[in-house]
Amino acid sequence: MNIRVEQPAVEVHDLTVSYQNRPILWGVDLTLPQGALVGIMGPNGAGKSTLLKSMMGLLPLSSGYIHLFGQPLAQVRARVSYVPQRESVDWDFPASVLDVVLMGRYGKLGLFSRPRQSDRDIAHDCIRKVGLENLAHRQIAQLSGGQQQRVFLARALAQKADLYLMDEPFAGVDATTEAAIVDLVRELKQQGKTVVMVHHDLQSASRYFDWLLLLNQRLVASGPTHQVFVPEHLQEAYGGKLTLLAQMGELMKQGNYPAREK
Amino acid sequence: MDGWLDFFTFRDANVRYVTLGAMLLGGSVAVVGVFGYLRKRSLAGDAVAHAMLPGICLGFLLAGQKSLPWLVGGAFASGWLALLTIDWLPRQARLKEDTAIGLVMSVFFGAGILLLTAIQHGGNAAQVGLEDFLFGRAAALVGSDLGLLSGLAVTLLLVVVVFYKELALLSFDAAYARAVGFPVRGLEFLLTTLTVLAVVAGIQAVGVVLTAALLVTPAAAARFWTHRLPLMLALAAGLGAFSGLAGAWVSYVAPAMPTGPWIVLAASALALGSFLLAPGQGLLARWWRQRAHRRKFAEENLLKLLYKMGERRQDHDRAYQPADLPTGQAPAQLAATLRRLRAEGYLTRRGPGWQLTPEGYERGRRITRLHRLWELYLTEYLRLAPDHVHDDAETMEHIITPEIEQELEKRLRRPEFDPHQNRIPYD
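Heads up: the protein sequence lines correspond to chains U and V, in order.
The opening residue of the first sequence carries number 31 in our numbering; numbering runs sequentially from there.
The opening residue of the second sequence carries number 19 in our numbering; numbering runs sequentially from there.
With the rest of the complex left out, here is chain V (with noise of 0.2 Å):
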């Protein structure tokens, strides 16, 4: 429990600096990350960061020395060619951009690892720790590395705020952006800029391999959950930030375990948390949305059954045993199902059998029209043989509205009998 507490009183000054910087990248790389998911170009995210290890070693080779302003200078020029490549390249070589991105990603990494051996071998002593941009070194974030990131960060949050109308209408539609006379080609370039520097602050805390987690995950995972742009961006940011928090949090309990790699796999249990559980779009909502379909086909195909029976007999004040049901259902899901009904009001029980009540009488005479109908429709207006329509029928009984009902009388001229002559039950 200490842990917990040393941990969120912040007094540890390092904690306070990771912490602080790991949750200002998250949240700031994810806004940025945004962007990149709606124009469909995360890819070219991770692309950029692994192009930046080159651009990190000539840094180093240039200063001779780990200086942050030269690391994350050369950085930031070979991402951001890298970048311009990958726009390029399609444009002038004929190259699909999958290509092109997968192409610049590898020669630029490959450069940058060949670079990173020499230097390791090269006898520099100060080139130890240099390898941790590959993997990132929140852990060893100090007060002056703070001051950089959150510079970025804010910057990162004030562009997209200030152009958030321009970047919004790029990402939806850059043609009519271009018809309404906006300079699409220099939103283009802000843009690739804005990610280039939301990768070079991230690469401080994942490092290269893992920064295009930061950009994708969060945005995926906000795209659950709202339809909203603004709100978007805004869980974006928070999901983020928390990753960053969650990294930082591990990190210190367990001092073992990096930070960047904790702070990518917490991103990413948001992300499955938010496809698993998010309203309406997550699985388990459909999932949970199917399953109130089969329950109601069940439950209808029950009524209509009970309700043809009496048809049959010319009596519908009859009450039925399960045994006698031919449904087809098992005999514990029938029970279910037969509960549910009563308890719905459209069954009610008779000594040991089952029967309508007036409601439920309706709702299977309704479900029989609405078959007997789309049966009808079929032959009359696609042509189809009497033969063919009864299993589409099956189901478009359940699903057909009161105004399509209507419609369909209307056009079928309110019909009495169904291509199988059965009669049709109207009200």
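Only chain U is shown next, with the shape it has when bound in the complex (with noise of 0.2 Å):
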């Protein structure tokens, strides 16, 4: 199944992505409606994150396309905003989560320029959303997991976009940050913004989102929740890999094949 809608926020035409020529994602095709929550889920291995790091441009593309609000994201970046993997930083750097949240003003800022107080008005606004405002000057090393997570999300607030793709924001969350999260991401819902979100637990899945893509390797589904998430549809993601698929992604990573002739 997949349900395609006019004036997406997300289009993906015919994307194939390879890691060292062993593609992880064969040809998906598929399109996100503007002001929904979506989440992306799938096995271990599907390709989920896979799928949001292409949409962010920051894996090269064997085949297709991205197009986000009907542009390349050269073109819109500034109206789209990531949050990535907890794990995908050192928490040990010296900065305070102040510092980090400001990173979300970077993009607006430029190069050379500096955070003007309007840029740190906004960052403190961000941090209050999250709730961390007592820990504003914090070092991040000192903060939980959850904690650490919090200031993700409010560096990606502070960037004050309109599509927001987020890669496991709860995963290894504490209750509270899960909570706070899912409030977050509804109140963005409410004001007409569209939320991409990687998600990997099944039993919420269908109380958090109301768009939901299944991957495995290829995409399976793509529709709204209630007609994605039904047995047949989860089997077929979650029921194993497709050997045949993995087998020649293997042979091409060992060949060095590219996945295209060109």
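In case anyone wonders, no lab produced these hints; they're calculated from the structure.
Because the structure is a prediction, the values reported are computed rather than measured.
Incorrect hints may have been included.
Capping the alpha-carbon separation at 27 Å, the derived lysine-lysine pairs in DSS-like fashion look like this [said to hold, decoys possible]:
1. V:Lys326 with V:Lys183
2. V:Lys114 with U:Lys283
3. U:Lys159 with V:Lys114
4. U:Lys190 with U:Lys219
5. U:Lys138 with V:Lys183
6. U:Lys190 with V:Lys183
7. U:Lys190 with U:Lys138
8. U:Lys219 with U:Lys138
These two chains come separately, so use the hints to put the complex back together.
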């Protein structure tokens, strides 16, 4: 199943992404509606983070293109905000909560210019929204995992974007943080923003999201949650990898074959 | 004493050159080193420094004499090539980064030694002194060198100031930097060039073998003292400059001593000192905290013991002699613990014995309560066997905060008995 929408926030067309010549995602086509909470789900190694990183322009594409709000990323970068996985950085870095959240303003500031008072105000405001106002000057290494995740979220909020791409924001966080993130994301939706997040927990999926993507090396299903979240699609997504696909990927890696002849 | 005075008045022009040069180098190289340290690329700096030797030798061969611009140009070119190779190899050849660093360092340095040996046996009289680039020649710095060095140092510092925001983000979260549209490739290229420039400056003073120490050591030392990046940069610069000063001074008062290695030794001493003495993260501070914890545990255990002895006798108004207290502590230690508790107001003396004050009674009762609450929590919520919970509670009773205590009481619905049927004492 692949439900298409008009004027999508995200349009992925014939996307293949490879790592060391081995395709991780094969020929993905999909559209995501604006103003939706979208969950990307699938088993380990299904290519969830890969899809998100591709949307953010962080990986070279073997084929296809991605348009955000109908345009390539470079034209709409200011409207897109990214929350990487918490483990992707070293939290022992000498910076405070405020320092990191201010980084969310860097894209708007561009090169060379320093954060202004207005940027600082916005950063403090976002720190308040994630409930860390008492820790604004705390060193980031001294935060709990959940608090660190909220710092990343505040940094993304400080970008004042229309589309938020979040890579496993619920991974390894406490109940307080999970509740805080859910509230925030729903508030974003009410403001008409689009949120796309990689998610692991099947139990909460139908409560959190109104649009669901199921991946397993390829797109299994994309559509409103109540249509996608059915045993038939879940079985196809979680029922094991396609062995032939995996074998071909392995051959391409070993033989250094390109994904497209070009 | 004359040595001191002569040195620090800088009357001697040579002293002035050497000292200023060493300080500028130490400071500016350290600032660039901070970013290498934060990106966990310190080892790459070492490889780059070693990789400059063939460039220096080629520069000499091309110029036919030891002309500084040629030597520096050669060093810059081969150092830069080395760092680019270190970045390129893991991407293309599927080698791990440490392998790439090791390969590049040994291949370039080997080639350099080869060239150096060939030059030394080549009969060109101008080659004398070229081997100084191995271990540095700070003591031979002259006025014109200083001009070049200060130019380099000021450039490094300026670029770091101008690109501070970009370099900080690149070091913390390169993927995010790319996501907000920063030219990450360009910035990495800039940082690479800065590192090579810093090392070029450094080999003048301390040689290709030791320059990495100037990159790494002040940064590592500074990290112990602060959690803020601007302060860390300033501290690293200060420590680097001070090391330069110290090296220059040692080689002045003891002319047989080489400047470069002393700069490195001074920096290492500062790093070692930071490791030992820094507040919070230093070894001494940690040791001190552990000692405080041990003392607190011993004190609270004693108060708990006295409370429980009173509980068993149903008589809390009794004094005990130290010999009657089965604490497991050595007599001298026990005496010290007793004295501290008395000074803190938890114990009082009665004749030869010791007795709980009302405050001590309350604290002993609280520790007993926490112990029994935690035991119950473990058996009820973790389903541990009652005979497995005592040891864990022995530690937790000292750590549980009043908030967690409240939560425990709430979750267990203010229970009356612990898993061993001992009554849990409340206020």
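Comparing the hints with the structure gives:
no. : hint                   : verdict
1   : V:Lys326 with V:Lys183 : violated (60 Å)
2   : V:Lys114 with U:Lys283 : holds (18 Å)
3   : U:Lys159 with V:Lys114 : violated (42 Å)
4   : U:Lys190 with U:Lys219 : holds (13 Å)
5   : U:Lys138 with V:Lys183 : holds (13 Å)
6   : U:Lys190 with V:Lys183 : holds (20 Å)
7   : U:Lys190 with U:Lys138 : holds (10 Å)
8   : U:Lys219 with U:Lys138 : holds (22 Å)
In terms of the numbered hints stated before, the structure departs from hints 1, 3, listed from lowest to highest.
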